[in-house]
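Peer 1: Take each chain as given, in its own frame, and dock them per the hints.
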Amino acid sequence: MILPTGHTRSTNALMESLRSTLLEFEDVNGNTLEDIIGENLYRRAAPANTAFPYGVMRLDTRRSNGFNPLRKTGTLEIQLYGRPSSQLEDISDAADRCEQAMAFYVDSSGGGLAFVNDVQRTELPEGSAPVDGETCGIRLVFTLVIWPAFLSSLTLS
Amino acid sequence: MRMFVDARSNKAAVLSAIQRGQVDGLTAMAYPVFNEVRRQLRHGYHSSLGNWGNFAIGNNVNHVTISPVTVNDDGASITVGTDLDYALFWEIGHHNIFTRHFERDEKWRPAYEATLDEARAAFARTFHAAFTGSSSFGIANDVAQSVSFGSGEGVDII
Numbered sequence: 001m002i003l004p005t006g007h008t009r010s011t012n013a014l015m016e017s018l019r020s021t022l023l024e025f026e027d028v029n030g031n032t033l034e035d036i037i038g039e040n041l042y043r044r045a046a047p048a049n050t051a052f053p054y055g056v057m058r059l060d061t062r063r064s065n066g067f068n069p070l071r072k073t074g075t076l077e078i079q080l081y082g083r084p085s086s087q088l089e090d091i092s093d094a095a096d097r098c099e100q101a102m103a104f105y106v107d108s109s110g111g112g113l114a115f116v117n118d119v120q121r122t123e124l125p126e127g128s129a130p131v132d133g134e135t136c137g138i139r140l141v142f143t144l145v146i147w148p149a150f151l152s153s154l155t156l157s
Numbered sequence: 001m002r003m004f005v006d007a008r009s010n011k012a013a014v015l016s017a018i019q020r021g022q023v024d025g026l027t028a029m030a031y032p033v034f035n036e037v038r039r040q041l042r043h044g045y046h047s048s049l050g051n052w053g054n055f056a057i058g059n060n061v062n063h064v065t066i067s068p069v070t071v072n073d074d075g076a077s078i079t080v081g082t083d084l085d086y087a088l089f090w091e092i093g094h095h096n097i098f099t100r101h102f103e104r105d106e107k108w109r110p111a112y113e114a115t116l117d118e119a120r121a122a123f124a125r126t127f128h129a130a131f132t133g134s135s136s137f138g139i140a141n142d143v144a145q146s147v148s149f150g151s152g153e154g155v156d157i158i
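Protein chains in written order, with our numbering: chain A, 1 to 157; chain B, 1 to 158.
Hints listed in this document are in silico derivations from the structure and should not be mistaken for laboratory results.
Hints are not guaranteed to be accurate.
What the hints assert, rightly or not - Here are some of the chain A residues that sit facing chain B, going by a computed Cβ distance under 10 Å:
| no. | residue |
| --- | --- |
| 1 | Thr50 |
| 2 | Arg83 |
| 3 | Ser128 |
| 4 | Pro130 |
| 5 | Thr135 |
Even glycine gets a Cβ: it sits at the ideal position worked out from N, Cα and C.
Okay, chain B solo, but in the shape it has when bound (with noise of 0.2 Å):
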């Protein structure tokens, strides 16, 4: 055979551009959440008494961290949190032994619900990529090489 028309399935392509827009587009949409909430944190927490407590600010603020995005079967995730117990303590309430009150000052919700849009949009735009062939990933190319002419020589005609 001298000629031939060769179509490939691209599907694999496609699922894997899908996989990997879904890690960088979370990972981008946490971004977001995770800067409000340090910068809220920068500010320390505000008692029942009226004062702004130094509550070890610089500890606190160091140990909002990002998880690896984690994939499986039902989709993909990715969590901003701390293992600092007192920040969840100050975000949910609690009798606090020095104020001899009941203390909550929230910092993580509000930042959440204040970056929801932005998280969204940054992760639209993020997985957009994946198809434009703006990013590394990018699928374009890929879809313009699933279908080649050539010849079976190797030489190609288009």
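Isolated chain A (complex conformation) (with noise of 0.2 Å):
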């Protein structure tokens, strides 16, 4: 048995990859998303009482149809959250950041592969009751197809 290797050798693995593209893809003026939000990128949701600007990312894959069955397609959610409505500038800077990481993200380690081949962003409108009208949020999906090594690795074994 061929144990899967790389950053797709697991969801958790991959998660962790992009996270830590996102937040130290460094742009020409070395800047990272970092220097904006520090380590508060969190998975599906963040912690109660978190500080604000913070990051939230989610990972959604599914089989792609018709396809051959190693080979998925996703969706990579992240939302930036700032609070009072004034970091608004902040967290565009943050989603602008982002977008250059994921522009060339290409994971071919392990036997795998993942790559990003859209983005959509949205300024998230001004919300009133029960949206607490003074946070401010941009919303970034990237949609990405994965060959991921934990199922690739099954037709070598």
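Peer 2: Here it is, written out as structure tokens:
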């Protein structure tokens, strides 16, 4: 049996790879997402009372209909939140850095493959009750194609 | 001339049937999503505090709508949607002033994913009907009439 390796050896490993890429990617001026939100990029939801600004990320995948069962498509959703609403410019810069980090993201380690091929960016509208109107948010949805090593290794076993 | 063979192009009828099949197919495709979203919204939203909130359920369900089909040069589209802001924020997440927590309870995306195959099948079934004559706009009869044999006097010999 061949053990899957690389960042697509598991969904957890892929998420950690994506998170570190997002936080540590440096733009041409050496700025990173971490400069704005620190380490506050969480999976699924932020802990209670997290300081603003922060981000949450979530990966949803499905087997591509009509394709090889080893191929998956997915969406990586990143939501960046600020409060008060004057933090909108900060999280807009943060969103730019996320886009830069993911623009050429390709992971082909360990016999798997993951890459980004699309992104949709939305500035969330100002909400009224029950929404806290002082929060501001930007939502990024990246489309990924993934041949995860934890699946492709099955055919090599 | 007492007799002739008349052949006509049926392209216009075919294109017309495609367009009508497209409109009917998209409409049929929208209903599984529409029904499933409404079904899920009937339960209300589940908050991070663990309770099922009675967040104006009837209003939310009644604001799920299906748009008319829009046809343009790139094809056609139909939208199942709502005009309620709070429905959007519950779907994508928000900081709630009442619970004082981040709240999110998706209804739309799961409904869309759960009904995708059914919606595609509905489209295919309805679109296909346009070409088998089982619907009022079927082109089977048009095709049968596309080539006719007749006399110049208007007396059909076939």
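Peer 1: None of the hints should be skipped; say for each whether it holds.
Peer 2: Now for the hints, and whether the structure bears them out:
Look at A/Thr50: its Cβ gets to within about 9 Å of chain B, closer than 10 Å, so that hint holds up. At its closest, the beta carbon of A/Arg83 sits 7 Å from a beta carbon of chain B; the interface hint therefore holds under the 10 Å criterion. For A/Ser128, the shortest C-beta to C-beta distance to chain B is roughly 7 Å, which falls under 10 Å, so the interface hint holds. Because the smallest distance between the Cβ of A/Pro130 and any Cβ of chain B comes to about 5 Å, under 10 Å, the interface hint for this residue holds.
Checking A/Thr135 against chain B: minimum C-beta separation of about 5 Å stays under 10 Å; hint holds.
When each numbered hint is compared with the structure, no violation occurs for any of them.
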